[in-house]
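Residue numbers (the numbering used here), protein chains in the order written: chain V, 1 to 279; chain A, 1 to 172.
Where hints are given, some of them may not hold.
Unchecked claim - Below 25 Å or equal to it, Euclidean Cα-Cα: the simulated SDA-like pairs (lysine to any residue) are: (1) V:LYS135 <-> A:SER68; (2) V:LYS263 <-> V:ARG129; (3) V:LYS165 <-> A:LEU32; (4) V:LYS127 <-> V:ASN216; (5) V:LYS127 <-> A:ASN24; (6) V:LYS165 <-> A:GLU139.
To be verified - Have a look at the derived ranges for each label pair, beta carbon to beta carbon: (7) A:PHE141 <-> V:GLY235: 41 to 51 Å; (8) A:GLU47 <-> V:VAL22: 24 to 34 Å; (9) A:PHE6 <-> V:ASN74: 49 to 59 Å; (10) V:ARG129 <-> A:VAL59: 21 to 31 Å; (11) V:ILE240 <-> A:SER136: 13 to 23 Å.
Unchecked claim - Covered by chain V, per the in silico footprint, the following chain A stretches (three or more residues, Cβ under 8 Å): (12) 4-16; (13) 36-46; (14) 105-115.
The set of hints was computed from the structure by calculation and includes no laboratory data.
In this text, all values refer to a predicted model and were calculated from it rather than measured experimentally.
Where a beta carbon is used, it is the ideal one built from N, C-alpha and C, also for glycine.
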Amino acid sequence: MRNILAFIVRFHFLLLFILLEVVALAMLVNSTYFQQSAILNTGNAITGKFYTSASNITGYLKLRRTNELLSIENAILRQGSDISFLKSDTNTFWKNDTLYRQQYNYIVARVIHNTVGKRNNYIMLDKGRRFGVEKDMAVITPNGVAGTVVSVSENFAWVMSVLNKHTRISARIRKNDQMGTVVWNGVNPSVGTLNDIPAHVKLSRGDTIVTSGFSNIFPAGLMMGTINDFRVEQGEHFYIIPFSFSVDFNSLDYVYIVRNLMKDEQEELKKTTEAQANE
Amino acid sequence: MNRLVFQNIFRFILLVLLQVVLLNRINFYGYLNPFVYILFILLLPFETPGWLLLLISFVTGFTIDIFSGTPGLHTAATLLAGFARPTVIKLVGERDEYNASMYPSLHNMGLKWFMTYTFILVFLHHAVLNFLDVFSFAEFFRTLLRIIISTIFTVLFIILIEYIFVSRKEKR
Chain V
1 MRNILAFIVR FHFLLLFILL EVVALAMLVN STYFQQSAIL NTGNAITGKF YTSASNITGY
61 LKLRRTNELL SIENAILRQG SDISFLKSDT NTFWKNDTLY RQQYNYIVAR VIHNTVGKRN
121 NYIMLDKGRR FGVEKDMAVI TPNGVAGTVV SVSENFAWVM SVLNKHTRIS ARIRKNDQMG
181 TVVWNGVNPS VGTLNDIPAH VKLSRGDTIV TSGFSNIFPA GLMMGTINDF RVEQGEHFYI
241 IPFSFSVDFN SLDYVYIVRN LMKDEQEELK KTTEAQANE
Chain A
1 MNRLVFQNIF RFILLVLLQV VLLNRINFYG YLNPFVYILF ILLLPFETPG WLLLLISFVT
61 GFTIDIFSGT PGLHTAATLL AGFARPTVIK LVGERDEYNA SMYPSLHNMG LKWFMTYTFI
121 LVFLHHAVLN FLDVFSFAEF FRTLLRIIIS TIFTVLFIIL IEYIFVSRKE KR
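If we strip away everything but chain V, and leave its shape as in the complex, we get:
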C-alpha cells in the first residue's frame, strides 16, 4: 500500500497527464454524442448569446449583399405565383391538393457563427428546439446547400457545414441524372469533390450538380455547384470531379432550415422492409 502511494506521489505528474489526456481523447472520440450532451448545450447557450451580439455588428456589413440575394429570390418566387400568369381561358386556377402534397417546409434562421478555415467546420444558427428545429434537418441558402443540423439546444442549432470531413451528400449531374457523392477534401472552401460517377459517363466543364433527394434530408434538385474539371486516376473506374460550390461559405448570413414532413414515414418504411429482409 505504501509502495503504491509512493509510486503515485513519485509519478503524479505523468499519471495526472495520462488521466486528463484520456478524458480529453474520450470527449474527442465521442464528440458527436457530446454535441448533444448537457455541458456543450450550456456552452452553446453562453457562446450563442455571445456570438449573437458579435453577429449583430458584423451583420450590418453584409446588408447590401443579403438584400441583393433576397430580392433575386423574391423575383423568382413572384414569377411562380398566380398573379404573374395571364389567364388563358375562363377557368379558375385550383391548387389540386391530391396531386401536390407539401413535403418540405422552411424555417428562416440567421448564421451567428461560422468557420471555413478548419478541416471540420461548423455553423451556429439562432433558431433551436423552440422553433421546431431538430437533428438531421437540412440547411440551405438561396444559392444551394449549406449543411446538416447535428445538435440543437433550446435557442440555438449547431450545423455541420458542407466544409467538413464527415460530409457525404447524395448528388447527381443535372443533364444526365448520374448519381454520385459530394465530399470536401479540406483544401479550398470554394471547391468540393464529386465521387462515384462511372468513368464511361460523358461530362463537360460547367455541368450543374444538384442534390438527388435520396437521403430523406435534402429536397431533390437543390443547386450544389458547377463542374471545374474531371479526371480518372490510373486503374480506377470512377471519376474524381472537383467542382465550385454555388454557395460562398465565407459570407453565409440568412439560411433556411428544411423540415421533411414525410421523413418519419420514409424511415418507418425503410425500417420495416429491412426487418423483413433480415428474417
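Dock chain A against chain V, hints included.
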C-alpha cells in the same frame, strides 16, 4: 503572490477573448489558423507545480473547445503542451538567476531563448491539434503544411504581443 494570480486570470480572459472573437475568424485558404491562446500556458510562472500546470492546461483547452464547439480537441493539444513545458524549459536551458515569481517572458529571458521555447511548444500544440482534427495520416503533407504555416503565424503573433508588453514595462 496575489498579484501574480490576478495577473494570470486577467491574461487568461484577455487571450481567450482575443482567440474567440478575432483569431477564430481569421483564415487564409484553409491553411492559416493561429492559436495564440497558448501564450497563457507559456507565460505561467516557473514555479507552478506540475499538477496545477496540467489542470490549468486542461481548463484552458476546454474553455476554447466550448467556444469553438470541438469537444476534446483543444483540451488534448493544450494538455500535451502543458505536459511538455517543464522538459522544454530544461532543454532550452534554465537561467540560474530567476526567482519564484518569475515567468518565462521575452523580457525576462531574451529574444533567442524565448523564441526557441515558443517555437517548440507551439509546434507541438499545433501538430497534435491538426492531426487530431483530421484524424488520419491520409492527408499527411497537406496537414503538415497547415501546421507549419499556422505555427509561424502564431509565433509571430506571440512575439508581437510580447514586444508591446515589454516596451510598456520599460517606459515605466
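| message | Output the indices of the hints that this structure fails to meet, ascending. | response | Violated hints: 7, 12, 13, 14; rest satisfied.
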